[in-house]
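**Q** Could you build the full structure based on these sequences and the hints that come with them?
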Amino acid sequence: MNAREQARGAPKHSPTVETLFRGVSLAAALLVLATLGAIIAMLVAGAWPVIEKFGFFRFLTSAEWNPVTETFGALTPIYGTLVTSAIAILIGLPVSFGIALFVTELCPVWLKRPVSTAIELLAAIPSIIYGMWGLFVFAPFFSENIQPLLTDTLGQLPVIGALFEGPPIGVSIFTAGIILAIMIIPFISSVMRDVFETVPRELRESAYGLGCTTWEVMWKVVLPVTRAGVVGAIMLGLGRALGETMAVTFVIGNSHELNIGLFWPGNSIASTIANEFTEADSEIHAASLIALGLVLFLITFIVLSLARLMLVRMAKTYGGKS
Amino acid sequence: MSLYARRKFVNAFNLTASVLTTLFGLFFLAWILWELFSKGFAGLDITLFTADTPGPGSEGGGLRNAIVGSLLITLTGILVGAPIGILSGIYLSEYGRGTWLAATVRFVSDILLSAPSIVIGVFVYMIMVAPLGGFSGISGAVALAIIALPVILRTTEDMMLLVPDTMREAAAALGAPRWKVILSVVLRAARSGVLTGVLLAVARIAGETAPLLFTALNNQFFSLDMTRPMANLPVTIFNFAMGPYENWHDLAWAGSLLITLVVLGLNIITRAFLRGKKH
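As you go down the protein sequences, you meet chains A and B in turn. Under my numbering, the first residue of the first sequence is numbered 1, with each subsequent residue one higher. Under my numbering, the first residue of the second sequence is numbered 323, with each subsequent residue one higher.
Because the hints were derived from the structure by calculation, they are not lab data. For every residue, glycine included, the Cβ atom is placed at its ideal position computed from N, Cα and C. No false leads were mixed into what you were given.
Here are the computed lysine-lysine pairs in the BS3-like style, where the Cα-Cα straight-line distance is at most 27 Å:
1. A/Lys316 <-> A/Lys220
2. A/Lys220 <-> A/Lys112
3. A/Lys220 <-> B/Lys330
4. B/Lys330 <-> A/Lys112
Residues from chain B that keep clear of chain A, each with C-beta distances beyond 10 Å, as calculated:
5. Ser324
6. Thr369
7. Phe371
8. Pro376
9. Leu401
10. Gly420
11. Leu484
12. Val485
13. Val507
14. Gln542
15. Tyr567
16. Phe595
**A** Spelled out as structure tokens, the structure:
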């Protein structure tokens, strides 16, 4: 039907179609909100038996996880999640900053796009591939080459030396942290690059005009100006690292023992759920896993909300994209 | 050392470090891809597509059931997620522009975009698998749809906002009602961008494993029944990699290579397109 026929045949205004279409698109948007609400509601409902039986606080602070006696405490997986993510940030943050610095300040124009695309492709690789590579390639390489080196150097130091011990089997909290670092580098560096590029040209050039070196422009001008955005980028990477499941499940070793040494196998919240959820026989075991899921969701929710708020604040100041 | 020399040294040192960190990142990309290709190509032959997954201890085998299952689950996930994503994207860019509700939806969608996918698996287990009494391909598809939704929403909104308002006003001035302006002018102009978002979502969910573990589960046999447990590539790779058999490991590598080729291929295509659109 062409426009003229339609103008003749159909009523000029079609309020029903208009109302319908508007209603459907509004419903779709509300469904997004409802999904988040439903996720939180279902997790709380599913975790309720645990809160009743152990109490939320005791569940969080107990390290005992025993399906036979039906005693469950979340401390080991929470510790594993936090420590692997901390390692990931400690390694990933300087590397991401270096990459963002290279791409925004040093890189010749023709190399910019290939380098950023290549780094971003690291983010596109599915996490199960990181898991395969981590288990079969990186873990053996790490335990043979890097772990002895770390044990012989950092492991000899007082106090922090205790962190660098454990059996040379390759699967460990530390290995999981390194793989998470590689996975979050593209997220952090691409957001950092975007916020660095929003800094007005005049600001950089006046700093260069005063005789600043490239590093000083970066460290003393660009970085302070983009602080909110950079924190947002780190939070975004942290959110990713906390919730990552498959790559961690492959290489963390899945042990419920709480160890301070980083080369011991451990567990994270996500890997515990992945390993045990289909095998949980008792109601309280399943509920404990759901409670773990709730804890993970709440932590990532807070971290990601902070990330978004920071990035929105950044975008408001400089009109860049959030 | 004079102040001047020290500043020059710090500068040179940090810039060198910056180049090295970039090489560090690229090195891992190259390393992962290298291992993937050299180990995956060994198992990449015709039986991969004609034979089903082997049971414990049996020889040979392929990934036919897993490949078909993955295609079905991913396709269904997109068919569920895309309409909702596109419609909500339309709401954000057209009806809800500048409203408090739209800002909230955008915020929540961005949270869902990075939410741990394992939790979404648990959620779908609770709302579908447990009430319906069993693992099924369709519940896996719903879990993937929840992951695809925010990706599609965000791209749709971005792409529709790129359409100049003068086009909307021109159409409205001709007497077209709002829905018609949106569907036949704005959405049509943003069509290829929206499609790109859908492809990006396919790339995102094609390799997702965690949400399928407790929804689609896995199946050793060929099946097209979406109401029953269904074989799929990611969970098969996970089980085979963790298993003790040599031929399982080879198949896991071949499956990983397949997924990576599809996902990286889609990513490179969509990226090239989105770049062209933004400048």
